[in-house]
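Asker: In order, the protein sequence lines correspond to chains A and B.
Numbering of the first sequence is given in the numbering used here, commencing with residue 19 and proceeding in unit increments.
Numbering of the second sequence is given in the numbering used here, commencing with residue 19 and proceeding in unit increments.
One should not assume that every hint holds.
Note that identical chains are pooled: a pair holds if it fits in a single copy or bridges any two copies.
Unchecked claim - DMTMM-like cross-link-like pairs, simulated, lysine to aspartate or glutamate; straight-line CA separation at most 25 Å: (1) Lys41 with Asp130; (2) Lys128 with Glu100; (3) Lys489 with Glu107; (4) Lys146 with Glu518; (5) Lys146 with Asp483; (6) Lys128 with Glu419; (7) Lys219 with Asp150; (8) Lys128 with Glu95; (9) Lys41 with Asp82; (10) Lys219 with Glu328; (11) Lys219 with Glu429; (12) Lys219 with Asp483; (13) Lys41 with Glu107; (14) Lys489 with Asp196.
If you're looking for bench data, these hints aren't it; they were derived computationally from the structure.
Chain by chain, the residues:
2 protein chains.
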Amino acid sequence: MSLATYPPYSAGKSPEPPRRDSKWWGWGDPSIVPELDGPALETLRERIGELRPTSPLPELAGFDLPPAEALPPALIEAVGEENVFTAVEDRLRHATGCGYVDLARLRSGKLDAAPDAVVLPADAAEVKRVLDLCATQGVAVVPFGGGTSVVGGVEPLRGDHDRLISLDLARLRVVEVDRRSLTARLGAGLRGPEAEAELGKHGLVLGHYPQSFEYATIGGFAATRSAGQASSGYGRFDSLVSSVRLIAPVGDLETLATPHTAAGPALREVLIGSEGIFGVIPDVTVRVRPAPKQRRYEAWMAESFEAGAEIVRRLAQGPGLPDVIRVSDEEETEVSLALSGPRGFTGSLFGSYLDLRRRRGGSLVIVGLEGDDESVARRQHGRYQGPYLRDTLMSMGAMVETLETSHTWTELVGLHAAIGGAIRNSLAGQGTPGLVFCHLSHAYADGASLYFTFISRSREGAEVDQWCQIKRAACEAIVAGGGTITHHHAVGRDHAPYMEAEVGRTGLDVLRAVKQQLDPAGIMNPGKLLV
Amino acid sequence: MSLATYPPYSAGKSPEPPRRDSKWWGWGDPSIVPELDGPALETLRERIGELRPTSPLPELAGFDLPPAEALPPALIEAVGEENVFTAVEDRLRHATGCGYVDLARLRSGKLDAAPDAVVLPADAAEVKRVLDLCATQGVAVVPFGGGTSVVGGVEPLRGDHDRLISLDLARLRVVEVDRRSLTARLGAGLRGPEAEAELGKHGLVLGHYPQSFEYATIGGFAATRSAGQASSGYGRFDSLVSSVRLIAPVGDLETLATPHTAAGPALREVLIGSEGIFGVIPDVTVRVRPAPKQRRYEAWMAESFEAGAEIVRRLAQGPGLPDVIRVSDEEETEVSLALSGPRGFTGSLFGSYLDLRRRRGGSLVIVGLEGDDESVARRQHGRYQGPYLRDTLMSMGAMVETLETSHTWTELVGLHAAIGGAIRNSLAGQGTPGLVFCHLSHAYADGASLYFTFISRSREGAEVDQWCQIKRAACEAIVAGGGTITHHHAVGRDHAPYMEAEVGRTGLDVLRAVKQQLDPAGIMNPGKLLV
Numbered sequence: 019m020s021l022a023t024y025p026p027y028s029a030g031k032s033p034e035p036p037r038r039d040s041k042w043w044g045w046g047d048p049s050i051v052p053e054l055d056g057p058a059l060e061t062l063r064e065r066i067g068e069l070r071p072t073s074p075l076p077e078l079a080g081f082d083l084p085p086a087e088a089l090p091p092a093l094i095e096a097v098g099e100e101n102v103f104t105a106v107e108d109r110l111r112h113a114t115g116c117g118y119v120d121l122a123r124l125r126s127g128k129l130d131a132a133p134d135a136v137v138l139p140a141d142a143a144e145v146k147r148v149l150d151l152c153a154t155q156g157v158a159v160v161p162f163g164g165g166t167s168v169v170g171g172v173e174p175l176r177g178d179h180d181r182l183i184s185l186d187l188a189r190l191r192v193v194e195v196d197r198r199s200l201t202a203r204l205g206a207g208l209r210g211p212e213a214e215a216e217l218g219k220h221g222l223v224l225g226h227y228p229q230s231f232e233y234a235t236i237g238g239f240a241a242t243r244s245a246g247q248a249s250s251g252y253g254r255f256d257s258l259v260s261s262v263r264l265i266a267p268v269g270d271l272e273t274l275a276t277p278h279t280a281a282g283p284a285l286r287e288v289l290i291g292s293e294g295i296f297g298v299i300p301d302v303t304v305r306v307r308p309a310p311k312q313r314r315y316e317a318w319m320a321e322s323f324e325a326g327a328e329i330v331r332r333l334a335q336g337p338g339l340p341d342v343i344r345v346s347d348e349e350e351t352e353v354s355l356a357l358s359g360p361r362g363f364t365g366s367l368f369g370s371y372l373d374l375r376r377r378r379g380g381s382l383v384i385v386g387l388e389g390d391d392e393s394v395a396r397r398q399h400g401r402y403q404g405p406y407l408r409d410t411l412m413s414m415g416a417m418v419e420t421l422e423t424s425h426t427w428t429e430l431v432g433l434h435a436a437i438g439g440a441i442r443n444s445l446a447g448q449g450t451p452g453l454v455f456c457h458l459s460h461a462y463a464d465g466a467s468l469y470f471t472f473i474s475r476s477r478e479g480a481e482v483d484q485w486c487q488i489k490r491a492a493c494e495a496i497v498a499g500g501g502t503i504t505h506h507h508a509v510g511r512d513h514a515p516y517m518e519a520e521v522g523r524t525g526l527d528v529l530r531a532v533k534q535q536l537d538p539a540g541i542m543n544p545g546k547l548l549v
Numbered sequence: 019m020s021l022a023t024y025p026p027y028s029a030g031k032s033p034e035p036p037r038r039d040s041k042w043w044g045w046g047d048p049s050i051v052p053e054l055d056g057p058a059l060e061t062l063r064e065r066i067g068e069l070r071p072t073s074p075l076p077e078l079a080g081f082d083l084p085p086a087e088a089l090p091p092a093l094i095e096a097v098g099e100e101n102v103f104t105a106v107e108d109r110l111r112h113a114t115g116c117g118y119v120d121l122a123r124l125r126s127g128k129l130d131a132a133p134d135a136v137v138l139p140a141d142a143a144e145v146k147r148v149l150d151l152c153a154t155q156g157v158a159v160v161p162f163g164g165g166t167s168v169v170g171g172v173e174p175l176r177g178d179h180d181r182l183i184s185l186d187l188a189r190l191r192v193v194e195v196d197r198r199s200l201t202a203r204l205g206a207g208l209r210g211p212e213a214e215a216e217l218g219k220h221g222l223v224l225g226h227y228p229q230s231f232e233y234a235t236i237g238g239f240a241a242t243r244s245a246g247q248a249s250s251g252y253g254r255f256d257s258l259v260s261s262v263r264l265i266a267p268v269g270d271l272e273t274l275a276t277p278h279t280a281a282g283p284a285l286r287e288v289l290i291g292s293e294g295i296f297g298v299i300p301d302v303t304v305r306v307r308p309a310p311k312q313r314r315y316e317a318w319m320a321e322s323f324e325a326g327a328e329i330v331r332r333l334a335q336g337p338g339l340p341d342v343i344r345v346s347d348e349e350e351t352e353v354s355l356a357l358s359g360p361r362g363f364t365g366s367l368f369g370s371y372l373d374l375r376r377r378r379g380g381s382l383v384i385v386g387l388e389g390d391d392e393s394v395a396r397r398q399h400g401r402y403q404g405p406y407l408r409d410t411l412m413s414m415g416a417m418v419e420t421l422e423t424s425h426t427w428t429e430l431v432g433l434h435a436a437i438g439g440a441i442r443n444s445l446a447g448q449g450t451p452g453l454v455f456c457h458l459s460h461a462y463a464d465g466a467s468l469y470f471t472f473i474s475r476s477r478e479g480a481e482v483d484q485w486c487q488i489k490r491a492a493c494e495a496i497v498a499g500g501g502t503i504t505h506h507h508a509v510g511r512d513h514a515p516y517m518e519a520e521v522g523r524t525g526l527d528v529l530r531a532v533k534q535q536l537d538p539a540g541i542m543n544p545g546k547l548l549v
């Protein structure tokens with residue numbers, strides 16, 4: 019896979035149907051199908067039991083989607099007929115995100131809902147025209163970036179409306195670099211590697227590397243408050259944003275791109291994380307940096323997860339926090355490196371891990387420090403293979419899912435135990451005991467994130483129910499422990515029921531008031547963030 | 019002056035009338051009355067012309083205030099009679115902030131408006147009760163922290179209401195320290211030195227040092243997005259806040275104190291900077307640090323302001339930005355150190371400045387780096403004398419005012435010239451040519467702040483009109499140049515007319531919708547931020 023394989027959208031043109039460069043039934047490049055090797059498979063069976071391969075994947079041609087409603091002709095005219103896609107494949111590719119439960123539903127060969135059409139506006143002016151028409155004609159709009167949401171963020175929920183479009187922003191590709199101020203205005207439709215390639219022409223880097231980097235977009239990073247691998251160093255995406263623009267059904271909103279302002283509440287922070295419910299973010303101005311040259315990784319074993327967390331707390335509260343940081347708990351240390359195989363970022367640590375492995379019960383601590391000469395292409399190897407491996411595991415009959423939170427250092431270790439316990443209990447209660455492991459990957463002076471992975475046998479034909487039970491148990495443990503419902507996956511559909519625990523009744527009312535002001539017809543991404 | 023002179027409010031008690039420990043007609047400790055020495059005075063006369071001392075200060079006893087309306091008895095009952103103050107002195111002390119135009123009005127012996135009473139609630143529960151009663155009885159509420167606003171933030175504007183109280187938060191003094199997570203919940207009423215003294219008991223420091231530090235409060239820092247001397251190192255106050263609580267007329271809102279969250283728009287950032295228009299901030303949870311030991315200052319001369327700004331840009335875009343930074347333009351370099359006299363922070367540089375001074379036309383660059391052993395007491399000397407000196411200058415017949423903005427590195431030097439030109443033109447047009455100087459004091463990777471000071475003869479009896487003309491010229495130059503209307507002084511009454519330029523019509527409508535949701539009766543700080 020190389021950057022050249024990304025679809026060559028150019029401003030104002032959409033020469034091919036959108037998002038056809040990835041598996042329709044799984045993650046990423048169709049040519050990448052990792053296999054699980056002997057020892058990893060053995061470990062897996064040891065821990066979750068014998069796996070039974072699933073039925074073969076359904077045929078795309080026979081996929082069962084509800085029929086599409088016709089769009090208002092004026093809407094088709096607004097962007098040009100050639101930028102409106104209604105084929106089953108295109109509707110399908112815009113009907114889900116990339117969470118486990120999304121993929122499980124795709125593998126079933128049937129979806130209960132899909133957009134009536136995929137619409138690709140050429141620029142911000144066309145977005146505005148589309149929203150105007152949708153508001154007057156009562157058409158729901160799901161803004162669509164990379165489609166990599168793992169929380170149901172692009173679920174085609176219609177709210178009170180009969181029709182729904184997926185507004186794919188792939189053609190919004192503005193790039194304006196201010197080399198002197200180290201800022202760049204970047205179009206919402208640029209994928210991670212595309213944005214870095216554009217900045218690379220100026221010797222600059224954005225440095226935002228979530229696991230979805232290959233397919234996720236600038237607009238999605240902003241709309242979901244994304245956080246990436248190097249967030250301890252470069253900052254979360256929200257801290258990289260200097261200003262943001264919103265096209266709302268009622269009008270445009272753009273914040274000033276000055277480095278700081280004390281001019282009242284920060285509307286920038288209202289638009290960031292708005293997940294498409296207020297309007298469309300056509301572009302953002304971000305802080306960029308001169309390209310670093312090399313990243314050096316170091317790893318060592320701590321006695322326990324708690325001891326590893328303590329090491330990182332001291333780093334985070336001192337002057338020099340590494341830009342990449344990760345503490346795996348005992349279970350993740352024991353298992354996940356074996357599962358991820360001997361390739362890439364973790365793979366380079368594989369040998370030392372195997373040596374360390376004899377000392378069971380320890381916790382692996384990895385830190386990365388920037389030095390010089392690492393290309394984006396090299397970075398892509400390894401780090402981004404997790405979601406590919408998930409497809410392999412799913413085909414073998416396994417459920418694989420992740421979830422995350424954050425809390426203060428004081429509460430962190432207790433919350434880790436509570437969430438892990440809740441997931442284990444739920445798995446055991448369903449007769450599918452499994453692996454539950456976690457790492458600490460984003461450290462702050464006052465606390466850190468916890469990132470859980472769980473793997474078990476899937477309950478064939480009841481995958482959604484199985485997943486819902488576990489998800490609910492984990493979310494309730496997070497809320498009971500006072501953690502945030504999401505450190506960086508966003509709210510979407512899945513976390514919306516927990517927003518009252520997050521911001522309270524009054525906070526929800528404020529968000530609803532903002533929504534009502536910007537989108538009085540309620541067409542923007544119904545059923546997400548606020549329920 | 020020492021910490022011990024701060025009024026010994028203790029939880030639940032208000033043993034003396036509020037805010038009686040400072041000059042009623044000027045800034046700070048009444049015992050501090052700096053004098054201007056020979057060379058400084060000479061420089062001043064050279065540049066702004068002969069000064070004519072103003073008439074003597076008015077007598078407090080004969081001060082002309084509008085009569086006070088009676089409060090609803092239930093309101094007095096809610097906090098206890100002993101916590102409601104209606105003496106002329108107390109109403110007067112809560113009728114203005116500390117901007118030049120506030121002091122000019124106080125010196126006139128007459129104010130057109132004052133609160134009907136000063137009310138001191140004991141805690142958050144009493145704040146809630148007071149707001150409930152005010153909402154039902156139609157009493158406007160101005161939340162009052164240190165009263166140090168320089169933008170009319172505590173101006174007693176009644177909106178649609180006949181009665182108005184100043185809600186002095188001096189008794190809200192919660193201190194809860196989480197040493198392990200390096201966070202602390204601090205009550206809104208704690209003044210800067212009081213908060214640092216409390217944290218000092220734990221070996222911690224907040225490290226937020228605006229020029230108003232001695233009197234400004236934690237609640238005010240949060241409500242106005244304050245920035246302090248060491249903001250390049252420690253971060254602006256908004257970046258120190260981990261969570262915030264709001265008591266609004268419709269209910270309470272508290273954000274989670276986790277280190278990061280992706281759970282939607284950041285309501286924390288809606289409450290920070292809300293300047294009392296949504297409700298009262300009773301306390302905030304902030305990130306604190308182990309106390310540093312010493313600060314070392316270095317200074318050198320750059321060829322020009324532009325060259326000095328370039329040095330700082332490179333520091334800000336590299337790995338190690340000093341925590342204190344200041345670049346004075348040519349005029350400030352030439353004059354302001356002479357005016358501020360041989361004491362304190364700038365005073366310690368006075369000698370080297372005098373040496374450098376022969377090389378006219380240069381720009382002074384000062385950086386401060388933290389090492390070990392500096393007490394808050396020592397820090398107080400010098401740094402905070404600017405506002406005291408203003409009183410001296412005003413008594414001599416001078417106008418002294420400051421204003422500030424920020425912009426990207428690309429636009430900064432051009433904006434500096436435009437604002438300076440606008441102020442000079444306005445001063446000259448009024449027949450009072452003066453000194454107009456500026457420093458760059460908050461540096462970011464993408465830009466910096468500009469902090470202007472101007473000094474001229476005052477037009478006796480027409481001070482307000484004189485100031486309004488200059489302020490308008492400067493604000494229009496800021497807006498035309500795309501800078502923010504305020505980097506850290508906040509919006510208040512003075513900058514409210516420029517908020518549409520800052521956030522646009524749609525942005526204003528969003529802020530109004532939030533206000534309407536939280537304060538439907540419109541009792542909270544009428545006439546500020548939104549007009």
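Asker: Now tell me if each hint is right for this structure.
Answerer: Against the structure, the hints come out as follows:
| no. | hint | verdict |
| --- | --- | --- |
| 1 | Lys41 with Asp130 | within (20 Å within a copy, 72 Å between copies) |
| 2 | Lys128 with Glu100 | neither (27 Å within a copy, 71 Å between copies) |
| 3 | Lys489 with Glu107 | neither (29 Å within a copy, 61 Å between copies) |
| 4 | Lys146 with Glu518 | between (31 Å within a copy, 21 Å between copies) |
| 5 | Lys146 with Asp483 | neither (39 Å within a copy, 44 Å between copies) |
| 6 | Lys128 with Glu419 | within (21 Å within a copy, 69 Å between copies) |
| 7 | Lys219 with Asp150 | neither (37 Å within a copy, 59 Å between copies) |
| 8 | Lys128 with Glu95 | neither (31 Å within a copy, 66 Å between copies) |
| 9 | Lys41 with Asp82 | within (17 Å within a copy, 78 Å between copies) |
| 10 | Lys219 with Glu328 | between (40 Å within a copy, 24 Å between copies) |
| 11 | Lys219 with Glu429 | between (44 Å within a copy, 23 Å between copies) |
| 12 | Lys219 with Asp483 | neither (48 Å within a copy, 53 Å between copies) |
| 13 | Lys41 with Glu107 | within (11 Å within a copy, 75 Å between copies) |
| 14 | Lys489 with Asp196 | neither (44 Å within a copy, 31 Å between copies) |
In terms of the numbered hints stated before, the structure departs from hints 2, 3, 5, 7, 8, 12, 14, listed from lowest to highest.
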